[in-house]
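Hey, can you work out the whole structure from these sequences and the hints?
Residue numbers (the numbering used here), protein chains in the order written: chain A, 8 to 519; chain B, 64 to 559.
Please keep in mind that the hints were generated in silico from the structure rather than gathered at the bench. Every residue gets a Cβ at the ideal spot worked out from N, C-alpha and C, and that includes glycine. Any given hint could turn out to be false.
If the Cβ cut is set under 7 angstroms, some of the chain B residues that face chain A in the computed set are [as the list claims (entries may be wrong)]:
#	residue
1	83
2	122
3	126
4	130
5	449
6	462
7	467
8	481
9	482
10	489
11	493
12	497
13	537
14	540
Partial list, computed: chain A residues near chain B (C-beta under 8 angstroms) [unchecked claim]:
#	residue
15	168
16	189
17	196
18	203
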Amino acid sequence: MNLDHSILTLILLAPLVGAGVLILLPEREGARTHAITALVVTLITFVLTLHLVYYFNYAAAPGSFQFEQNLPWITLGTAGSGIRYHLGVDGLSMWLIVLAGILAPIGVLASWKAIRHRTRLFYTLFLLQQVAMLGIFVSLDLFLYYGFWEMSLVPMALLIATFGRTENRRRAAIKFFLYAFIPSALLLVAILWLYARTGTFDLPALQALAAAHTISSNPGALLLCSLAFLFAFAVKVPIFPLHGWLQEAVSEAPTAAVMVLAGKLGLYSILRFSFGIFPDQSRHVAPLLIALGAVGIVYGSLVALIKTDLKKLAAFSTLAHASFVVFGIFTFTVLGVDGGIFQILNESLIGAAFFVLLGLLYERYGTYEMRDYGGLASKLPWMTTMFVIVSLAAIGLPMLNGFVGEFLILSGGMQAAVAHHTGWTVLATTGVIFSASYMLWMIQRVFYGSLGHRPNEVTGWDLSPREHAELWPFVVLFVAMGIFSPVWMRAIDTFGAPTANHASTLSSQEAR
Amino acid sequence: MSTNLLAVLPELLLTLAAVAVMLFEPLIAAGKTRRPLGWLAIFGTVAAGLAAFYQLHIINLHGTQTAFYSTLQIDPFSIFFHLLIAAVVLVTLLGSLDYFEAPITHGGEYFALVLFGATGMMFMTSSVELLMVFIGLEISSISTYILAGFRKGRATASEASIKYFLLGSFATAFFLYGIALLYGATGSTSIAAIATGLLTTQAPRLALLAVAMIVIGIGFKVSAAPFHVWTPDVYQGAPAPVVGLMSTAPKAAAFAVLLRFLFNGTPMLRDHWLLLLYILAVASMCIGNLGALLQHDVKRLLAYSSIAHAGYLLVAFTATQRDAVSGALFYTAAYAAMNVGAFLVLTQLSGFDERVRSLEDFTGLALKRPGLSALLGFFLLSLIGIPFTGGFFGKFYVFSAAIHGGHTWLAIIGLINSGIACFYYLRLLAAIYSRPLTDTMRPLAPRRVTAPAAVALVATALATLGLGILPNRLLHLVQRAAPQTITTTVSEVAPR
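Right, dumping it as structure tokens:
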């Protein structure tokens with residue numbers, strides 16, 4: 008049986024059906040039924056995503072999509088193609104889908120102990136979040152994409168509102184939702200405007216129109232439209248200075264939710280839709296975004312340096328890492344774009360591993376406050392090892408994955424043809440030093456030195472087998488992606504090279 | 064044929080059922096349950112709905128029908144509203160069959176009044192003659208005035224009824240005065256004759272004044288700002304199932320009148336009434352949403368939300384294309400499904416004496432009533448306009464129509480408003496799903512959800528979901544309904 012045309016639908020259906028099953032399962036206090044079911048469902052989804060890796064065609068024409076499914080869905084009655092159920096994958100989204108696939112079972116494991124009440128609600132929302140996220144990565148119809156984009160907010164907001172850590176949870180949830188929703192309203196206007204001009208919601212069709220410069224003859228309107236797209240995505244990433252929602256949401260959200268909270272959805276959307284439909288306009292605003300990226304790296308790192316709450320530190324480290332990606336992709340060089348996409352994977356993995364570890368610490372000692380810790384290395388050797396590995400990956404130690412991404416991005420920054428970029432690249436490079444500072448300082452304060460009062464009062468325990476199972480996939484991936492990066496790069500480059508080259512041909516045309 | 068009884072078949076059946084309910088009411092001893100009367104009413108509504116389907120069958124064969132000296136017209140447009148009103152009334156009746164906890168003396172009147180009101184609303188949507196519209200409007204309004212005060216003996220109920228009655232009569236007077244002036248200007252009260260009369264009128268200013276008055280009268284009925292002030296108080300005082308009904312069905316009928324009147328009757332004055340609708344739409348969206356931000360009573364909150372939704376609907380009116388009118392119809396249907404659904408949940412939660420009212424009462428609701436909470440959450444998400452719900456597709460369709468018509472700015476205002484709106488819906492949703500701060504939650508209605516109410520809830524939820532993911536069937540129907548109403552408009556405006 009050839010699964011190629013239905014595999015993406017199956018990947019979406021698996022968690023959706025799983026969520027339906029979870030709702031129907033009766034809930035008993037203390038029972039693990041829902042967690043086990045969710046684990047099985049997420050593992051099945053992960054296995055399904057591996058189909059993409061195995062059958063991915065590296066020789067496909069640039070800009071084409073694979074595993075496509077394209078069916079008519081809603082006929083709007085006016086002229087135009089209406090709304091279609093159009094799914095597809097290319098070098099950009101393939102690894103992101105696999106990444107979402109592998110993070111989900113780890114997320115379930117990470118919630119095993121942390122979530123003991125209202126498990127039905129928790130895992131149902133978690134799986135719905137998974138559906139929305141996968142849907143974002145595979146949709147090639149703007150209406151369908153927008154559907155998943157908005158839908159992803161709901162389970163996340165509810166997870167924060169219901170399972171948040173402190174009394175501040177409702178506020179954090181609403182803030183998160185509003186920050187994402189209002190720019191999305193403008194995104195919808197832009198999508199509808201595009202539809203009014205072109206009569207289609209189909210991404211490949213729009214890309215073709217954009218390449219032929221026939222979307223609209225009004226450059227001002229087109230630029231505004233592209234800004235509406237970019238703004239909605241930038242808030243979601245978040246790009247400095249739109250990160251107002253990040254700290255509270257990260258600090259409240261349970262581990263499984265925070266793992267997928269920031270970064271990849273917005274960054275993917277920029278690459279797919281902003282670059283896809285508005286290549287010229289994206290280039291036009293690139294200098295600004297490069298500057299914001301560089302500032303974001305330094306700003307995020309500096310703020311992380313002064314935070315003593317571990318989760319808040321992680322929030323700003325996320326900001327810094329996401330800014331690295333923004334910086335890379337907006338250089339519009341092959342190295343920058345490729346490195347940026349690779350760094351999305353890194354950033355998600357490292358961030359997720361870090362949040363899992365923080366969650367484990369919190370389960371033991373009930374605090375994220377760094378001052379309460381100290382000297383844990385003597386008590387929890389495995390935990391310390393894991394923390395150090397994750398930190399080294401985050402810092403960008405050669406042989407680990409973070410190095411590959413950062414190196415490519417910074418090289419891309421130096422190559423970029425636009426003036427003033429060298430200065431921003433130098434600034435961005437300093438971020439590497441700062442990130443080493445806050446991570447290592449954090450390690451030193453939490454794990455070394457004299458024993459803090461919290462570990463003194465509470466008996467902690469080292470990693471259990473389940474916790475090992477949560478963390479080892481990360482370690483393996485860090486090393487594998489650091490050493491065998493071409494395995495990943497091969498697919499990424501099928502997207503990155505045409506995107507960057509398209510932009511550079513345009514710039515050379517303009518120069519003439 | 065002038066006395067074409069087919070044209071009034073749904074109305075006729077509803078009236079018969081209502082009269083039967085009134086006749087049987089005294090036969091049931093005081094203190095006994097009025098449930099059989101409710102079933103009778105439900106039976107009548109189902110019959111009316113089937114009659115509307117039969118009408119659809121007839122016009123498929125023979126084309127548009129007129130009756131009673133061309134005062135009534137049966138076309139896909141009116142059949143759409145007949146079906147919609149019948150559906151809303153049906154789920155309301157199902158959901159409120161067991162609403163009266165202790166059998167009360169006047170229970171039968173409730174069912175009869177709902178049916179009488181529905182009759183009036185149906186007349187409004189099928190009449191193409193303004194005096195006939197007025198009669199329908201009065202029948203529907205008077206029923207709702209009484210229904211609003213149905214929880215007798217409570218101060219808020221009396222306040223609701225009196226306020227609604229006084230302000231409603233005032234608005235109806237505006238409407239009637241508008242008809243009179245228009246008669247003066249064009250020599251007719253028939254919508255088609257008005258359209259031709261306006262071309263040769265000697266008193267264009269009088270006609271403009273008349274149109275403005277009619278729009279004001281309708282604006283009151285649909286609770287568009289700035290004619291909205293009655294809405295929060297009335298919704299707060301009226302029984303929850305009645306609010307679900309009166310926030311959807313009479314509004315749908317009033318919007319139908321507005322569509323017919325503006326697009327068929329006065330297309331040549333479009334530039335003038337468009338300005339009026341801009342103001343109404345923007346004011347309703349902004350006042351509705353900003354007002355809702357300040358509310359703590361959930362019914363008041365939903366009242367302001369309904370003002371805002373009237374504003375979104377008015378956005379559709381500003382586009383002239385066929386899609387725009389079908390957008391209005393689609394939005395009416397989606398709004399009816401989700402809003403009736405939300406009020407049905409409130410009915411089930413709070414019971415006749417309204418146990419849960421404020422946001423605090425809803426805190427932690429999901430722990431006690433997970434099923435009802437999930438349904439209410441779903442309806443709230445649809446009201447916000449989250450994709451894969453009817454509310455989203457309705458908004459999408461309306462704003463798409465506005466942008467097609469060149470009103471991008473209106474779409475931006477509308478969608479930013481929907482962003483503001485999600486704040487208050489979300490506050491309620493977050494309250495429902497968070498843990499209660501104290502253990503002093505008010506006791507909820509003790510009884511379980513009865514089977515008819517469960518059917519009604521599931522039906523509204525499925526309708527809301529279905530309109531969001533598989534809207535093709537309804538789109539087809541509303542697109543069929545649209546050209547009938549605006550053929551004259553398109554030809555008038557097309558040269559532009």
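Hints, one by one, checked against the model:
1. 83: Constraint on residue 83 of chain B not satisfied, violated at 42 angstroms.
2. 122: violated, 20 angstroms
3. 126: Not OK, violated: residue 126 of chain B not within 7 angstroms of chain A, min 21 angstroms.
4. 130: violated, 30 angstroms
5. 449: It holds, given that the least Cβ distance between residue 449 of chain B and chain A is near 6 angstroms, below 7 angstroms.
6. 462: Holds, because the Cβ-Cβ distance from residue 462 of chain B to chain A comes to roughly 6 angstroms (cut-off 7 angstroms).
7. 467: holds, 5 angstroms
8. 481: Check passed: Cβ of residue 481 of chain B comes within 6 angstroms of chain A, closer than 7 angstroms.
9. 482: Status holds, d = 4 angstroms.
10. 489: At about 5 angstroms, which falls below the 7 angstroms cut-off, the nearest Cβ of chain A leaves the hint on residue 489 of chain B intact, so it holds.
11. 493: Since the shortest Cβ distance to chain A is 4 angstroms, the answer is holds.
12. 497: Constraint on residue 497 of chain B satisfied, holds at 6 angstroms.
13. 537: violated, 11 angstroms
14. 540: violated, 11 angstroms
15. 168: Residue 168 of chain A check passes; min Cβ-Cβ to chain B is 4 angstroms, inside 8 angstroms.
16. 189: holds, 4 angstroms
17. 196: Nearest chain B Cβ about 5 angstroms off; hint holds.
18. 203: holds, 5 angstroms
The structure shown violates the earlier hints numbered 1, 2, 3, 4, 13 and 14.
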